[in-house]
Amino acid sequence: MYGNDFSAPDGASDEAPGSGLLGEVEAAEAELRAAAARGRRGSPSPDEDLAAYFAEVVDAEQKIEPRDWMPDAYRRTLIRQIAQHAHSEIIGMQPEGNWISRAPSLKRKAILLAKVQDEAGHGLYLYAAAETLGISRDELVQLLLDGRQKYSSIFNYPTLSWADVGAIGWLVDGAAIVNQVPLCRCSYGPYARAMIRVCKEESFHQRQGYEILHTLAHGTPGQQAMAQDAVDRWWYPSLAMFGPPDGDSTHSGQSMAWKIKRFSNDDLRQRFVDMCVQQAEILGLRIPDPDLRWNEERQAYDYTQPDYDELMRVISGDGPCNRERIAHRRAAHADGAWVREAAAAYAAKRAEQREKVAA
Amino acid sequence: MNGPFDFTLGLGDDALIAAQRLAEWTTRAPEMEEDVALANIALDQLGAARLLLSYAGELEGAGRDEDALAYLRDDREFRNALLVELPNGDFAVTMAKLFFLAAYQLPLYAALAGCADERLAAIGAKARKESAYHLDHGALWVKRLGDGTEESHRRMQAAVDQVWPYTHELFAADPTAPVDPATLRPAFDETVGAVLAEATLTLPGSGWAPAGGRTGVHTEHLAFLLAEMQVLHRAHPGAHW
Chain F
392 MYGNDFSAPD
402 GASDEAPGSG
412 LLGEVEAAEA
422 ELRAAAARGR
432 RGSPSPDEDL
442 AAYFAEVVDA
452 EQKIEPRDWM
462 PDAYRRTLIR
472 QIAQHAHSEI
482 IGMQPEGNWI
492 SRAPSLKRKA
502 ILLAKVQDEA
512 GHGLYLYAAA
522 ETLGISRDEL
532 VQLLLDGRQK
542 YSSIFNYPTL
552 SWADVGAIGW
562 LVDGAAIVNQ
572 VPLCRCSYGP
582 YARAMIRVCK
592 EESFHQRQGY
602 EILHTLAHGT
612 PGQQAMAQDA
622 VDRWWYPSLA
632 MFGPPDGDST
642 HSGQSMAWKI
652 KRFSNDDLRQ
662 RFVDMCVQQA
672 EILGLRIPDP
682 DLRWNEERQA
692 YDYTQPDYDE
702 LMRVISGDGP
712 CNRERIAHRR
722 AAHADGAWVR
732 EAAAAYAAKR
742 AEQREKVAA
Chain V
69 MNGPFDFTLG
79 LGDDALIAAQ
89 RLAEWTTRAP
99 EMEEDVALAN
109 IALDQLGAAR
119 LLLSYAGELE
129 GAGRDEDALA
139 YLRDDREFRN
149 ALLVELPNGD
159 FAVTMAKLFF
169 LAAYQLPLYA
179 ALAGCADERL
189 AAIGAKARKE
199 SAYHLDHGAL
209 WVKRLGDGTE
219 ESHRRMQAAV
229 DQVWPYTHEL
239 FAADPTAPVD
249 PATLRPAFDE
259 TVGAVLAEAT
269 LTLPGSGWAP
279 AGGRTGVHTE
289 HLAFLLAEMQ
299 VLHRAHPGAH
309 W
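As they're listed, the protein sequences go chains F and V. Sequential numbering from 392 applies to the first sequence in this note's numbering. Sequential numbering from 69 applies to the second sequence in this note's numbering.
Quick look at which bits of chain V chain F covers, simulated, 3 or more residues with Cβ under 8 Å:
| # | region |
| --- | --- |
| 1 | 104–116 |
| 2 | 124–138 |
| 3 | 208–221 |
These are calculated hints, taken from the structure and not from any lab test. Computed from a predicted structure; not experimentally measured. The beta-carbon is built from N, C-alpha and C at its ideal position, and this holds for glycine as well.
Working from the sequences, and respecting the hints, build out all of it.
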């Protein structure tokens with residue numbers, strides 16, 4: 392899961408969940424293959440302007456690959472963005488992991504455990520993509536632990552009931568997908584390819600969350616109340632995942648030019664709202680916005696903006712769970728140090744033995 | 069134990085409680101890869117638990133499904149061995165528990181795969197492949213920690229000393245069961261002996277052999293585990309999830 396709320400550059404829009412979003416992902420995948428089949432114009436000649444060659448590749452919707460020359464700022468932007476995305480996957484395991492032990496049926500327990508495991512897998516996959524840009528996973532993890540790189544602020548909210556697991560799937564994963572689908576067409580090849588894989592799994596997660604809420608919303612009065620309460624608490628933080636309004640968004644222009652980002656924060660947010668309204672109706676749950684209504688002229692829903700001051704407070708470290716999330720990650724890292732050291736020592740001993748045998 | 073119901077229930081409870089404990093590691097593992105691996109093993113155990121508990125419910129014939137058995141029994145009605153309910157401790161304790169459990173489950177499921185009961189045979193055939201991976205994984209960590217650093221050796225030896233006494237219960241004789249657990253002991257001893265030797269670890273000399281899980285007399289730890297696992301399900305009687 393991943394938002395666009397740390398004032399980092401990022402991707403943009405797409406359409407409704409389920410078939411529409413997956414269709415987009417598949418289209419991006421087909422595009423990727425077609426671009427690869429077309430092939431890029433040969434390597435730049437020795438006296439050619441590398442910046443011009445880079446621009447030409449990006450303009451032609453071809454992919455930049457790890458060994459290609461790229462502007463330093465492009466590299467830095469991507470490292471930050473991919474790392475933030477990876478961190479978000481890893482920190483994002485915590486709020487949902489909170490309910491694995493108490494999942495109300497064995498089937499739900501298995502689904503949730505598998506989902507949280509998928510997120511660990513996404514994290515690993517994304518760290519590997521970031522490593523192609525010349526930085527190590529250890530360095531990136533250290534930046535996270537030191538608070539020098541951010542993760543999506545949505546994970547600084549607590550999961551107070553089982554319905555929150557459903558709301559995270561439906562709203563948070565839903566917003567993440569809307570954000571991520573355009574990244575499947577990112578100009579940097581390894582990131583685009585990672586996103587194609589991640590998006591396919593995320594769309595599965597979103598459907599599972601939706602299903603949890605659907606079951607609750609059609610269950611006992613207690614379950615219905617739980618579901619509505621979760622949507623009430625997660626709605627605005629989910630809207631905030633798209634980041635500050637376009638007027639306040641830094642980095643966006645350059646990222647658009649580089650084809651890292653393809654749609655504006657507000658465009659994406661609008662798309663997400665439009666997608667959710669219809670789904671909320673089917674769920675039988677109320678979106679907590681008294682001003683939500685169809686605007687015939689714009690052919691879109693008018694809606695209340697999230698509290699961006701709150702978003703800024705959470706980003707700067709004062710959300711309900713910021714301290715807890717990082718403390719948890721640091722504790723796991725510190726508690727595991729002796730295990731990692733043992734694994735390294737064991738591997739070194741084995742290598743030494745092999746050398747002796749060979750000699 | 070008493071017939072195939074108790075036997076199946078015991079194996080199902082072993083798998084369920086092991087899954088619950090392993091899942092506690094999620095977001096806490098020493099490496100991200102290990103987070104994925106432990107979740108994998110927890111999912112395997114949970115999958116086996118669901119098959120075994122569902123079948124136990126059918127054998128019982130009282131209309132209890134996997135969730136009724138998992139969520140609506142008290143600790144005195146659980147039939148898992150004490151080994152799996154022990155707290156996770158540090159990573160060494162968890163690996164000792166995993167290694168011993170897998171070294172028992174692998175020959176158990178292999179024998180089950182050839183037993184006369186077709187349902188149990190099918191479950192055994194599926195689960196034995198998973199157990200083989202659990203055993204590989206547990207054994208590798210026991211060796212890494214045992215023969216890693218001084219600190220890891222100390223911790224791994226302490227873990228073996230702590231957990232080993234709880235293994236004896238796994239092999240209590242039950243000649244009427246589809247697979248008599250006593251017959252699995254030689255394979256278990258052979259696996260354990262080879263791995264511990266390579267890991268430069270030793271077995272404790274004590275003859276202490278705590279038991280009681282198969283008759284529902286557990287450690288103090290199980291009731292807490294169940295309280296957490298069952299709290300939501302029990303708070304909404306009759307609800308569907």
